[in-house]
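Chains as they are written, first to last, in this note's numbering: chain A, -4 to 602; chain B, 169 to 445.
Don't read these hints as lab results, they were simulated from the structure.
Keep in mind that this is a model prediction, so the values were computed, not measured.
Where is the CB? At the ideal position from N, CA and C, for every residue including glycine.
Do not rely on the hints blindly, as some may be mistaken.
Claimed, not checked - Derived contacts from chain B toward chain A, CB cut-off under 7 angstroms, selection only:
id, residue
1, Gly248
2, Arg251
3, Val270
4, Gly271
5, Leu290
6, Ala293
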Amino acid sequence: MGGAWFDYTVNGFVIGNIYALLAVGLALIYGVANLVNFAHGSVYVVGAYVGWAAITYLDTPLPVTLLCVVAVSALVGVGIERIGLRPLHGSSRIAPLLATIGIALVLDQVVQLVFTPDPRAVPMQVPEWRVAVGGGTIGALDLLIAGIGLTSAVVLYGFLRFTKLGWAVRATAQDSDAAQQMGVDVNRVNMAVFAIASALSGVSGVLVGMYYNQISTAMSFEATLKGIVALIIGGLGNVPGAIAGSLILGLTESYGIALFGTSYRNLFAFVLLIAMLVWRPNGLFAARRALPPEPMTGTFIARSRPVVVPRWAVAALVVAAALLPLLGQPYLLQIGANSLMYAMLALSLTLVAGTVGQVSLGHAALLAIGGYASGLLAMDAGWPVALSIPAAGLVTAALGTLLVFPAFRLTGHYVSIATLGIGEIVSLVILNWTGLTRGAIGLGGIPPLEVFGFDLGSVEGTYWLCLAVLVLLALLQLRLLRSHLGRTWRAIRDDPVAARSYGVSGDRYKALAFGFGGFAAGISGAITAHVYSYINHETFGASISILALTMVILGGLGNVAGAVLGATLLIALPEAFRFLAEYRILIYGIVLLLLIRFRPQGLMGTV
Amino acid sequence: MAPVLEVRGLRKRFGGVTAVEDAALDLREGELLSIIGPNGAGKTTLFNLVSGLDRPDTGSVRLFGQDVTGAAPERLAGLGLARTFQHGRVFGNLSVLDNVLVGAHARLRAVRPAVPVLGPLLELALAAIRPGGVRAEEAALREDAIRIISLFGERLTPRLDHPAFSLSYANRRRVEIGRALALHPRLLLLDEPTAGMNETETAEMQEVVAGLKRSGLTILLIEHKLEMVMRLSDRVIVMDNGRRIAEGLPQAVRHDPAVIEAYLGHREAGAAREPVP
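Just chain A, same shape as in the assembly (with noise of 0.2 angstroms):
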């Protein structure tokens, strides 16, 4: 028992290192950028695969090989920096945070296409010798791991400490409009850390390559995950804290593994950030909780007049939309069912996202939320289908309202990453929530759609439906919009501190915001449910949430047409280039970085 307590313990030192190699580079564009790269874990799955690629085709030996992954990876945030970030600068808040998604879809997919999804297994180069110690055994990778980890942590340390460019960065992190007046070449700055941040990552990759004896492409979104939770522990933009940070996460999780099992690794890690957020956002190692600054400059989202449709042209083109069976397409019907599905989420989102300015990363689980609710009482309690939805569009809704209400008083990429880890945890829950949810089997055989006794399992029967719910729940959103509740929700987006000298409750309305939201979006994966007639807890995962944002911004973040124009665009023009769909996500990634570039207010104009 000793001895597999000690093996534990190695495990969740080296776990906890290569999360520090990680977290570290995090910590150091946050405090240069002001900025969580939610591409990082993208840059480590680069380096990953490029170390795969050096030892598979040219047989490089260890030390060339970690020198392959840092050239590529440091090359790629380079790149990341200057294509990427660098251009925003002065553009609206999100822009930046926005823009790192869009990179991360474009890298995984790049390397997806070149590399192919399939697992790659990266050769051991380090001798397979283990040393028992205490009982338990440490091996020369585990050494190796560690020494990389420590190195890294010395050097980094020399050059922030020593040299004149580490000085450069130090004073950039503190104040950047300070450090630019006093000579500091501040685009220099980025570059070099994006440089050293995305080496480390890189880094990271191929080691955990060789620990798991496996790499895939699938590893980026949870490293940046973990990442983001070492930062979080260690407080943003600290960058011993974020070591430390990193070291909780691996020991926690190893013994959460060995206390509960594997499949309770991550739900321990998003727990931990949920609560690190909630009782400590400014990291175990913050001294104070300052005010936060006043917004001078800039606002929210990007600035703009929204492009107004007439209401006869909104009439005629639902009119339009309805006669649409009447072309005898099921395919196309399909597609536009599956559009006005997403449409749902993207009203939701574009409420939470732009109208209150709550950047939610992980609004797939409302709809998760919505489907498990639909089917288990279709299901188990048999309530008819006509019920069962709008039950669970009320059960999201609350449920949603609670799970995001700790994450209330954060502010800006807090919420996006708190956003982020709810909605893992709702995943988590319900693969482990076996009792409920059936786990990993998934909920089969959900009834078809119905109202009363007619059914709409068919194409058209389906469509329709969605169309009326749609229309339904866009008209009760413009009318929200337009009473006090719309004015309400954009001054806490615009300013919550000014709005709350008003006496404008932010947890208040941010609840109001998102029980409407979760309703819309607990009724679209309600239905989806139905429609799909399976769902298991993967059904709705990131992707689908980082598409939702997609649509939301290509219509115009809190534009209710535009959310709907977003899905359709996003759902149906890949269906009519089929011959592209391998590169289906990448396009979604240029797509969203190609308009917070140049049309950040979206197609038709934020509110």
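Start from chain A and add chain B according to the hints.
Same frame as chain A, now just chain B:
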């Protein structure tokens, strides 16, 4: 009758820096009290402490006789305290009219029933259904907002629907003051209402503030433009390095040696009419 505002022994430190030390003031109904002092004297921190955006380390704040030390800004707004911000914090994407209407948020009654627990849900339902009472309230607030906006002459009235980000700096200050007035405040805190304004605009603003004072509104004013302070104030408090160094009638304060020294000692800062970015 209790003073409108009663501040005693207020202290606030940030790290090692003392921003406000032993601040004390009394403000009576209908009075206009100005706080002047060089930049960094702690005036805005004092405002933040009084308006609930920041908590004092020690000391007490009483508003209309109630202890409100460390109370949330939402609650203070409900009691009738409105403030403007030094650098201007309008809601950039909201129209001029909506900005002012947000100021009236604390006055919403019909649409925000004071029911515990279910209140927010009722508010959502009322906003969607909009019964007559809610519509009437909204119309009345709108009319009132337009009247308030007309206080600034033709500066804002033609721009009711313009988003605030498209306004000039001076117009944003006006929107902010309009927003504060829409609360129907019993105490108004103005933080440099004329910063960044030219002489004509300053004179106009001075007239507006004088009009508010005539109407009986109690005002606490931070202002760098001494001429305006001398004309409008009933009393003046001078702060330097977080402390009150003088208090009294405008003319007396003007000739106080400690005040002259504070200003001369900080000549650059004291003469501040620096353009705000």
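>> Tell me if the interface restraint on Val270 of chain B is satisfied: Cβ within less than 7 angstroms of some Cβ in chain A.
In response: Since the shortest Cβ distance to chain A is 5 angstroms, the answer is holds.
> Per the CB criterion, is Ala293 of chain B less than 7 angstroms away from chain A?
Replying inline: violated, 10 angstroms
> Would the stated hint for Arg251 of chain B survive a check requiring a Cβ distance to chain A of less than 7 angstroms?
Replying inline: Arg251 of chain B check passes; min Cβ-Cβ to chain A is 6 angstroms, inside 7 angstroms.
>> The hint names Gly248 of chain B as touching chain A; please verify it with the least Cβ-Cβ distance against 7 angstroms.
In response: It is violated, given that the least Cβ distance between Gly248 of chain B and chain A is near 10 angstroms, above 7 angstroms.
>> Let's test the interface hint: is any C-beta of chain A closer than 7 angstroms to that of Leu290 of chain B?
In response: violated, 11 angstroms
> Can the hint on Gly271 of chain B be confirmed by a CB-to-CB distance to chain A that is less than 7 angstroms?
Replying inline: holds, 5 angstroms
Of the hints listed earlier, those the structure fails to meet are numbers 1, 5 and 6, in rising order.
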